[in-house]
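Peer 1: Going down the list, the sequences are from chains L and H. Sequential numbering from 1 applies to the first sequence in our numbering. Sequential numbering from 1 applies to the second sequence in our numbering.
No false leads were slipped in.
Quick look at which bits of chain H chain L covers, simulated, 3 or more residues with Cβ under 8 Å: (1) 343 to 353; (2) 364 to 374; (3) 385 to 398; (4) 402 to 414.
Rather than coming from a laboratory, the hints here were simulated on the basis of the structure. Just so it is clear, the structure is predicted and the values come from calculations on it, not from any experiment. Just so it is clear, CB atoms sit at the ideal spot from N, CA and C, and this is done for glycine as well.
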Amino acid sequence: MTDSGPRILVVDDEQAVRRFLHTSLSAHGYNVFDAVNGQEALTAVVAHRPDLVLLDLGLPGLDGIEVTRRLREWTQLPIIIVTVQEQERAKIAALDAGADDYVTKPFGMGELLARVRAALRRAASPAAEPRFSSGQLAVDLSRRLVTVGEHEVQLTPTEYDLLRALVINAGKVLTHRQLLRQVWGAGYETETHLLRVNMSNLRHKLEPDAARPSYILTEPGVGYRLRVNA
Amino acid sequence: MSTETRLSRLEVIPRREVTRPRRAWQNYAWSVALVAVISAIGVPIHTVISSTNLVMLYLAAVVAAALYLGRGPAILASALGVLAFDFFLIEPRLTLTVADTEYIFTFIGLFAVSLVVSTLAARSQEQAEAARKREAQAIALYELSRDLATTSELDSILQVVIRHVSETFSRAAAILLPAGGELAQRAASPGFALDENGLAVAAWSFRQGQPAGRGTDTLSAAAVRCIPLKTARGVVGVLSVKPVDPATHLLPEQRRLLEAFASQAALAIERAELAEQARQTQISQATEELHRALLNSVSHDLRTPLVAITGTLSSLEEDGACLEESAQRSLITMAREEAERLNRLVGNLLDMTRIEAGVLRATEEPCDVQEVISAALDRLGSRLDRRPVTIEAPAVLAPMDFVLMAQVLTNLLDNALKYSPPGTPIDIRARVADGMLEISVLDRGFGVPKEDLGRIFDKFYRVQRAEGMGGTGLGLAICKGIIEAHRGHIWAQNRPGGGTIVTVALPREPVAADPGSETL
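If we strip away everything but chain H, and leave its shape as in the complex, we get (with noise of 0.2 Å):
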């Protein structure tokens, strides 16, 4: 009877779905029914052949039971069996008592012999079994590492071993793992928590590196049994288990193989913990390169201007005198260009904190971007003396906020002065297409390399030239926040030919600055 509790409840095994065995009386009544059968066969043909042979049909009908029915039904066969050959085949006939004594030791024979054969095909079988259920739980062992190694993500993995523990075992699962100094649930099976009672042996079970609670030797009175997650490193965390029904228990089996998911999905716990430790580390050497990057450059881009203007003030103030007035001059006009730079630089940097800090605002109305462009061509002054400018702009309004806007145009045209060669042409076009306003800035300089176009505009980023050009790479990044704040884009393409094309998009509302338009 307990096999065939235990082969039951070993079945619970996901995606191998075997015919479970029929329940004990049915094989019993089998066994039964094929003495009865071979009686039958038997008592016509006695005449023809002898006795003594047809107990090997009683024999094979022993052999069939304890192969196909178990063993105990095998044994009531054998039973049945000599009662039956003597009943029915051993004169006198239709009584139990023996006329020959002789037939007794064909009686002993017939038991003895099913006796053993029975015991043998039974063994075998069980054999069998115990062979199918180790496949059956390597194949579970199988199908979790599987669904293991596919997944990388902390989360996911503990998702995989819950799902796999609660289908393979029928019991609610839960995760912890230690954070912050403290053991807390991670993940679990849907509607599955610790309780105070089910968390403190999950901490206890943590601590020792034991298996504890119910069905264990500590705190065995425990709702949920807990399985330390160990590996060679220590123990990552707890897999915490509780029965689906309350009346069952794991059998030893279960147990080793609750072990090995254990096992399993501490290692890929690790995996997963060791790989984000990786990328963290990864990451905050890249923001300390970054961050010792703009360290450099702001001191760098500070101070230069500071050292020409300090000098030119200390030598005018200590040798004046002695210096050419064509000299001072120079000196005067050097430091007064420096401290522009360090004012822009100084603006530019306010404006990366203000749209970092989420404080810009635009201040959107209808402006015309005829007038927009012309506010950023005069603020550039005398830079653009010396290059020829075209603009192709529709006389439009959009809505934008003029400052800031002005202020992209005069950085990109900066942009534009800074990376393309003396004397070159710098063009405007401004276009209204697919109910965005798109401006244009367009020079024939160097470009930008192809893998570099997008990130252009992020912080810092500056392309990589040979000499070292002005410029602290935030330009670029102010214009992409402002034109965000205006729910517009910003993109960079190489222009045919050679240069660059800088183009912003706005959103437009259709408001046309033609003379027809004014009521008068």
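Bound-form chain L, shown alone (with noise of 0.2 Å):
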């Protein structure tokens, strides 16, 4: 085994998983580590120095939202959460902790991998292209520039405020919490309406089909990513 691929850390209670995540991931070049549970996992990251934590949230003890909360204590360290259907609070409470994203079990490889790399790549690069293009939409962000095809989009600043979030974490899952607090600011993170309503009219104003959105897309009960194009 090389040294020389990124290090991912995976923190799962069942071996199952660990087997075949570590198997699966090491064929693809990356150098695995493996926690059993949130103790091992912080001790892990302090010793192994991983690229990336993917961390199951539904372990014994000190749980995963929890290992999310101490590890954003000192490092930007990319995490995944691990989670099945029925834990879609603790999916949003870690979201909101500090992961950068998730996949529900059970999950494809393809669809893993794709996120890993993604996340691997923001943490590469912190900061934000300022133009962002995908399909037919370009957003740039210097000249607070929005155009579908050959045409300009006027957008209300709020809406523009909103993309501009999306923009600069773009492929990133953001929670309606963490929307709402960047957009409208501390206080209105209940405010779902407001996300709702600007949300509706952006995607008239953006997509080809709002009903069936291919840029800003939705995150059932967790939030919005805008997609990014490979």
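If you follow the hints, you should be able to join the two separate chains into one complex; please do so.
Peer 2: Next up, the structure:
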């Protein structure tokens, strides 16, 4: 096994899951370390200095949310949460606590690898590009210019702020709470309807078919994600 | 005297008002008056009509007294009649001495005939009275059985019996039925409850199948009389009565009537219990059938994907080398699809369990209807690729749990895909009507038989189809559970021109998502 590939810490209490992730990720050139619980994960992060943590939410003892909080106290290393469908609230709490992304068990390897690559890429270039484009949509943050195809799109200040928050975090899931805090400010975190209304308007201006959005994706119950074109 | 008392007591029979007989002393007064009237008529005319013929008038008075006043007054009338005849009409008049000894025979004859006539008349009266009483009893019994015939539910049967017993016998009544090995009071007249002593009497009566308590040979010191409710199959319970007025006692014919009531009641109770048993058997059979169907369905649906996955894996493990790459690939794809199906099934079972356990909570917050629809379409992914999908939805917000509602629509769309031919269109329409948000999913599929429209939302219910269609019959039941958690409705109808429409309606707060409402 070479030591050159990115280092990934897999935290899961199920041996079957650890084994499958170890094998599959190693095969894709990653250096994989294991931890079976939260406490071990915190030590392993210090010991192995991974580039990314794959963190199961339903850990015995110290749970995934708490591990995320403790890690975020001192490091910005990418954390991808692994959940099951029934842990909706825990998932949102972990994302709010600073986790970068999530995958839901059972997941396909393709999906997981895409998330891992995107998280590593974001971590490698923390400064956002001033220009973003995806399909027909182009956003130039330095000139506050939004175009779809040839046409410039007129956005209200709120809609623009919303889009800007998504562009800065392109490819990353942003929770409702995070978006509300970034765009409206602290104290507005529960005013979901503001977000829904502006998101609906923004989509009608940007998306060719607002009913089946292709740029701003809905993460049901969690938040939104701006799709990054390969 | 005793006859009189007896008569008046037996008059206590419902809905058949008979004028009560006059009191005894009144009858005797009437009989004296009758003799006086006859004498008053006889005195002026005795000069015209011979005395021996006037005897007939007194005889008539005795017959009248026997018919209308009873036996005692009739005997009084005959005695008074003889005396009056002697006093007023026989020489020397106004004295009881008799000049002509012939008249002694007349007196004896008059008195003897009077006695015989009055006895015969009184007997026929008594027979008529007895017949009337029998009729009254028959009517009481008939009314009880008529009321019982129209009742099939056990508690109403008991109420009917209690009501008839207390009305007919002026007694508080209670019915005790065995429950869990113990005899327990099941129904009673208002305010009447057996005390411990009464319960012991009832228990004895139940065990022995014999009447017990007040007025019987056993435990006669008790305040209540207990009659076992006996049928050919055994004792089904105990009827217990307690007089409203402790001084009154049941007469033999009343006892017989009460026993007749008890056997009517016993038959009715037995009938109700048998019907209930039959119903329970039916229910448990149906439940058993449902469980069997559920086990079959779940074990089949859980195993099928596992068979495919295990088969694929073992085939790759054992002869992966000799399989062509395209064959390997198709095996793997199939196994992955089966694994996804298994995951959906487990998810459905978990959701259903949550709904059944009542732990499913809808966290309602304003959601964009279009967004919910697109989330559902997203989840179905490539399965919708070959289907023309049209969406008509206003940009409105409505309070709902986004994830749960997306799941409802996913299930509805999944059904539409499953039960309509490939390539046919699927339409999604949302509208606001009567303060409700309605979202419908319309397909051009096979429709639903009319009799099944209401039942397709039942757990594990599947419309019978010739070919085995996938699905657990849980999807729509889950939708129903989620919609009900939102205080909404879900229903299905057949679409004009073919196909099915399933509509969900949610209560809606008026929050409009138009740009004008936004303040910046």
